[in-house]
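Chemist: The whole structure should be built from the sequences, with the hints applied where relevant.
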Amino acid sequence: MIPAEIAAAATDLASAGWLKVGTVHDIPELEGRRTTIDGHKVAVFRLLDGFAAIDAECPHKRGPLQDGLVADGCVTCPLHDRRIDLETGDVIGHEGEGVAVHEVHVVGDDLWVRLATAVV
Amino acid sequence: MNAFQDSASSGREPAPDPALQILIVGGGIAAQSAAEALRERTTDAVITMVCEEPRLPWDRVSLSHLLIDGGEAEELQLRPSTWYEDHDVTVRTGVRVEALDTAFRTATLSDGTTLTWDRCILATGSDALMPPIPGIEQEGVVAFRSPEDCEAIQAAADGGRPAAVIGGGLLGLEAARGIAARGAKVTVVHLMDRLMERQLDANAAALLAPAMEELDVEVLLSKSTTQITGARGRVTGLEFADGTSLEADLVVMAIGIKSRTDLAKAAGLEVERGIVVDDRLQTSAPGVYAVGECAQHRGMVYGIVAPIHDQTQVAADAVLDDPAARYDGSILSAKLKIMGVDLVSIGAAEGSGATVENREERSYRKLIVENGKLVGAVLMGDIKGHELLLDKVRTAHEVDDALALLAEASQASAADLPDTAQVCNCNGVCKGEIVQAIQDHDLGSTAEVVARTRAGAGCGTCKPLVKEILLDVRGGKVDENTYLCACLKQTREECASAIREGGLESVSEVAAACGTGRECGGCNPALAYLVSEVNGNRHREERHARYINDRVHGNIQKDGTFSVVPRMKGGKTTADELRRIADAADKYDIQTIKVTGGQRIDLLGVKKEDLPAIWEDLGMASGMAYAKSVRTVKTCVGSDHCRFGLDDSMGTGIELEGMLEGLYTPAKVKLGVTGCPRNCAEAYIKDIGLVAIEGGWEVYVGGAGGTEVRKGDLLCTVATKDEAISAAITFLQYYRETADYKERTYTYMENRGLEAIQAVVFDEEEGAALRERFHLAQAAAIQDPWLERRKPVVANQFSELDTDAPVYGLAPVAGDDVVAAQHAEPTMAAASDQLAITYSEPATDPTTGSTDR
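Chains as they are written, first to last, in the numbering used here: chain C, 1 to 120; chain Z, 121 to 973.
Calculated directly from the structure, the hints in this document are not laboratory data.
Each residue gets a CB set at the ideal place from its N, CA and C atoms; glycine is no exception.
Be a bit skeptical, because a hint or two may be false.
[What the hints assert, rightly or not] Ranges of calculated distance between the beta carbons of each label pair, as one might list FRET restraints:
#: 1; chain 1: C; residue 1: Gly73; chain 2: Z; residue 2: Pro443; range: 50 to 58 Å
#: 2; chain 1: Z; residue 1: Ser617; chain 2: C; residue 2: Asp12; range: 50 to 58 Å
#: 3; chain 1: C; residue 1: Gly39; chain 2: Z; residue 2: Leu140; range: 51 to 59 Å
#: 4; chain 1: Z; residue 1: Arg572; chain 2: C; residue 2: Glu87; range: 44 to 52 Å
#: 5; chain 1: Z; residue 1: Asp208; chain 2: C; residue 2: Pro3; range: 37 to 45 Å
#: 6; chain 1: Z; residue 1: Gly826; chain 2: C; residue 2: Ala14; range: 17 to 25 Å
#: 7; chain 1: C; residue 1: Glu87; chain 2: Z; residue 2: Ala633; range: 23 to 31 Å
#: 8; chain 1: C; residue 1: Leu47; chain 2: Z; residue 2: Asp208; range: 34 to 42 Å
#: 9; chain 1: Z; residue 1: Pro200; chain 2: C; residue 2: Ala14; range: 53 to 61 Å
Modeler: Given below as structure tokens:
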């Protein structure tokens, strides 16, 4: 993509509720980092084949999910090992518990996230 | 799917052959046990449980664990939530059955809905008995029945104020022990002249009282509480009939239970102390059954867990119209679940038979024989063979020689137990069921057996027996948690061979070659250690396979902050270091400064993004207090100052710690060096301990001072300090190469045996090879991971996307492979001296990392 296209895409994304949170290089492979959107803490993960974003706090004891181990499309909370599916937000083995899953979009090197609640 | 229908939709056509609709009222152990007993017998019946509590059925028997360990109620959940889906059992939590119509067979629920049923099982349980003692309504008087009670007790106990427990039975003693374990002064107040008078005879009770007092639980006997005193609505103490009094800010009532019968009474069922049931557990209303603590059978209301399972088995048969269903009552058996006090009582406690008492070992074993038949047993201090005795009481075993039977029981092994012997009283599991499950499902580890049979899933005290049965059934071929990758059942040794043969150097290479860690990823940290160990630390480091602790070199705390423990070799420090620690604590607003058991200082509450800066200010190396690695070498002052010191323990400890610094190990390794056998540095209970003796040194390995306390095994006695250090590092390297991940040295020693270890460590050739590999690994280890503050190994290693903090040191160039040079880098330590970085200024350009100047 040429810079002009990226700039144009950015304008469109911003008007559709997306926020640029960094670049793809800001997150090492199979790790996560936290970002804050409208006061909402979101953990963004770099998977082998793309990115994922979920609420940053574990529903169990508010553990920092961005610090968890990532494998098999899940993140394991560093505090008490709850496993959370990065696609559905479900806590595995704890029916009814879960976190919100947010959208991630990559334009050029830029990483854009839109809160689940921002989708109209 | 819920096949129950609202009565609003009455007038329905009966479906052909409609499935039996069974309503279980209650959500405790009895309700769960009833549901399971029914499901074992039929897949057709529609089962619905209505639980008043807002949570799925949980294990009330283990409430004292909650009190001691401070866990959460959900950790005691009897079955995972998926169980209900898998077994097609509908559970409605947080809903009460308000009324039961036994004529029309309906139930009205608190949420306004109505259910219809064909059979109803009442499992409404009991409440704590709260006698009308004046003042009982005050704040600070609680029962010990629910997680909420537990929280109230914990909060009060943690305040350190004195507490009283009224009631010296099983529950009262467990509650008191829980309060004492949390550090509060606690007194058990008992009306009778001995503890647990229903389960124990006078002799056993006389042994129990001092055992409780050793656990910091005061015992007051023959005390009748006449008044609970208070001030401004809060309890302040107790007054007794004899005119004495006791100060208490918390009063726990544990004198007994009261069956919950209101629903049954309102429905017109016959109710006395409990809901009256016949030998088929049926109440006075046909089709309505009662089990557990709400039921009264032949005049008896059981207040312990084991009879529940006997009852639900019979009730399930009866509900499904099995004419043979018949309950003859249960043998009362009780096991005190207090660490360090082994006590089992079975059936009758009073009467004649045989007694064996060993005052020195404080054990007391008694059998009670009536008309030539075994009717009871009391085992205190030594409870070996209690499963066998329970079975023999249950079957009214004929006894010719009671003493011989006692002797037989104390020798009984798992193999001697009959299949009918109950192994797990909490979940009512017999030996036969365990054996069957092991054979049918080819179970190979205790954990698998527990998961499948539920034996050992309650209070856990029967787990050793479960293991013994497993060993017996499988002829000793048991693998206990020996899989590195549990998903693919790959062992440590298999993975190590693959790494060696394939020349694999990273976690992802192993995953690609063998699939290890692909499925759940849970074993990635174990694999990361193995890859580093096999490659002598000349591997390709992948930080995503490591726990967060090893990514940022701090121990994550419950609020997501980290703890910082600088290395302080041998526990020796300087005024200058202490000054820097104090300054850092001020600057970074440290919540808590704690002197650790390993003779260092822990700074708690450091934000992730502050880690590099605080390390820089401290100017000390990482103590690696967050990793599975060599932690500390604790020392006493030794011959430098101590008038008893036989050798230089401090110097030896510092030398040893210097040699081991930075080495990762399968599980944490703590060492101690003590200058004489007085053991001030606790070397006897360390993973590796050196003890100076007259004319030489002793080396101990496999000691433990954690959940288990174990004196280390004497590995060797040598003449010089250098020989002692050499033995220690040879052992350590052998442990590094052969132990399973998370296997501490004390289990390692027990699994392998001292002699087998000595044979390798003291073999001239093998020992030398081990030492050589140790030195190679040590040379390539990162001695101070905190130097990554100046040279991070991944982007944003210590920051988040939203962290507005300065970036320390180098960020890796975009697109670079994220590779940590784990190789021997003598340059690293040396180079750090030349890196003059001002940490207050942000990096000029994080993408090129031009701070490296």
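Chemist: For every hint, state whether the structure bears it out.
Modeler: Cross-check of the supplied hints:
1. C:Gly73 / Z:Pro443: 50 to 58 Å: 53 Å, holds
2. Z:Ser617 / C:Asp12: 50 to 58 Å: Since the Cβ atoms of Ser617 of chain Z and Asp12 of chain C sit about 55 Å apart, the hinted range of 50 to 58 Å holds.
3. C:Gly39 / Z:Leu140: 51 to 59 Å: Cβ of Gly39 of chain C to Cβ of Leu140 of chain Z: about 54 Å, so the range 51 to 59 Å holds.
4. Z:Arg572 / C:Glu87: 44 to 52 Å: Since Arg572 of chain Z and Glu87 of chain C have Cβ atoms about 30 Å apart, the given range 44 to 52 Å is violated.
5. Z:Asp208 / C:Pro3: 37 to 45 Å: Once the Cβ atoms are compared, 59 Å apart, the range 37 to 45 Å for Pro3 of chain C and Asp208 of chain Z is violated.
6. Z:Gly826 / C:Ala14: 17 to 25 Å: This hint is violated: roughly 55 Å between Cβ atoms.
7. C:Glu87 / Z:Ala633: 23 to 31 Å: Since Glu87 of chain C and Ala633 of chain Z have Cβ atoms about 27 Å apart, the given range 23 to 31 Å holds.
8. C:Leu47 / Z:Asp208: 34 to 42 Å: At roughly 36 Å between Cβ atoms, Asp208 of chain Z and Leu47 of chain C fall inside 34 to 42 Å, so the hint holds.
9. Z:Pro200 / C:Ala14: 53 to 61 Å: 44 Å, violated
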